[in-house]
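Trainee: Line by line, the protein sequences give chains H and F.
Under the working numbering, the first sequence has 13 at position 13, and the numbering climbs by one with no breaks.
To convert, take the position in the second sequence, counting from 1, and add 1000; that gives the working numbering.
Just so you know, the hints here were simulated from the structure itself, not pulled from any lab data.
Where hints are given, some of them may not hold.
With a straight-line cut-off of 30 Å between C-alpha atoms, the simulated DSBU-like cross-links for lysine-lysine are [what the hints assert, rightly or not]:
{"id": "1", "chain 1": "H", "residue 1": "Lys69", "chain 2": "H", "residue 2": "Lys49"}
{"id": "2", "chain 1": "H", "residue 1": "Lys49", "chain 2": "F", "residue 2": "Lys1014"}
{"id": "3", "chain 1": "F", "residue 1": "Lys1009", "chain 2": "F", "residue 2": "Lys1057"}
{"id": "4", "chain 1": "H", "residue 1": "Lys68", "chain 2": "F", "residue 2": "Lys1044"}
{"id": "5", "chain 1": "F", "residue 1": "Lys1044", "chain 2": "F", "residue 2": "Lys1009"}
{"id": "6", "chain 1": "H", "residue 1": "Lys49", "chain 2": "H", "residue 2": "Lys78"}
{"id": "7", "chain 1": "H", "residue 1": "Lys78", "chain 2": "F", "residue 2": "Lys1057"}
{"id": "8", "chain 1": "F", "residue 1": "Lys1014", "chain 2": "F", "residue 2": "Lys1057"}
{"id": "9", "chain 1": "F", "residue 1": "Lys1014", "chain 2": "F", "residue 2": "Lys1044"}
{"id": "10", "chain 1": "H", "residue 1": "Lys58", "chain 2": "H", "residue 2": "Lys68"}
{"id": "11", "chain 1": "H", "residue 1": "Lys69", "chain 2": "H", "residue 2": "Lys58"}
{"id": "12", "chain 1": "H", "residue 1": "Lys58", "chain 2": "H", "residue 2": "Lys78"}
{"id": "13", "chain 1": "H", "residue 1": "Lys78", "chain 2": "H", "residue 2": "Lys68"}
{"id": "14", "chain 1": "F", "residue 1": "Lys1009", "chain 2": "H", "residue 2": "Lys49"}
{"id": "15", "chain 1": "F", "residue 1": "Lys1044", "chain 2": "H", "residue 2": "Lys49"}
{"id": "16", "chain 1": "F", "residue 1": "Lys1014", "chain 2": "H", "residue 2": "Lys69"}
{"id": "17", "chain 1": "F", "residue 1": "Lys1057", "chain 2": "F", "residue 2": "Lys1044"}
{"id": "18", "chain 1": "F", "residue 1": "Lys1044", "chain 2": "H", "residue 2": "Lys58"}
{"id": "19", "chain 1": "H", "residue 1": "Lys68", "chain 2": "H", "residue 2": "Lys49"}
Only some residues are given here: those of chain H computed to face chain F with a beta carbon under 10 Å [to be verified]:
{"id": "20", "residue": "Gln6"}
{"id": "21", "residue": "Leu46"}
{"id": "22", "residue": "Thr111"}
Because the structure is a prediction, the values reported are computed rather than measured.
For each residue, glycine too, the CB sits at the ideal point set by N, CA and C.
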Amino acid sequence: AQSVTQLGSHVSVSEGALVLLRCNYSSSVPPYLFWYVQYPNQGLQLLLKYTSAATLVKGINGFEAEFKKSETSFHLTKPSAHMSDAAEYFCAVSDRAGANNLFFGTGTRLTVIP
Amino acid sequence: NAGVTQTPKFRILKIGQSMTLQCAQDMNHNYMYWYRQDPGMGLKLIYYSVGAGITDKGEVPNGYNVSRSTTEDFPLRLELAAPSQTSVYFCASEGSGANVLTFGAGSRLTVL
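Generate coordinates for the entire structure from the input sequences, incorporating the hints supplied.
Mentor: In structure tokens, the structure reads:
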């Protein structure tokens, strides 16, 4: 069975600082990995996804994530935080396409300090 | 705009009452899902559907029922509401099976 662990339920960064949100996965087969973002009072939306093409995946709003098989990690980064990045971020894993195969982490709430 | 529409946005129920959360999508997606979101717990799958007339249980189905009579609609029914069902409920849909979900804005339910 697959699962994800997000280290740190809350992360605070200063505006302009590096954003690093950590995600480690467990999967018995090559995984599909996702980052979803949830802005206040909204549903989740896809930020980026890894599907075994390039290991460095670029997403919306300047975010990117790198798949590292040796570390079973898929950390999310952004070089310079903006106030509008304040949101909750969810890492998710799937081992195949199809319904009921997406498992979410518990989320990391990002606060950006002006 | 195309997307997933959930109603109501907020609802307060008394213990033992019943209600239906409505979900509709206009993207002709086959897959639809109901999740609940509790603080610090992430999203838990309640029920899902792979097409009209086909539904199946997710991780936390107890106390809920669903139906899928059309491609567009996927209502979630709560029977005999309990305080443990206080949560934010999200409906989502997906067309390709690639796990790229489109979420509704959520329905916040409080059971007192």
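Trainee: Of all the hints numbered above, which does this structure not satisfy? Sort the numbers upward.
Mentor: 2, 7, 16 and 22
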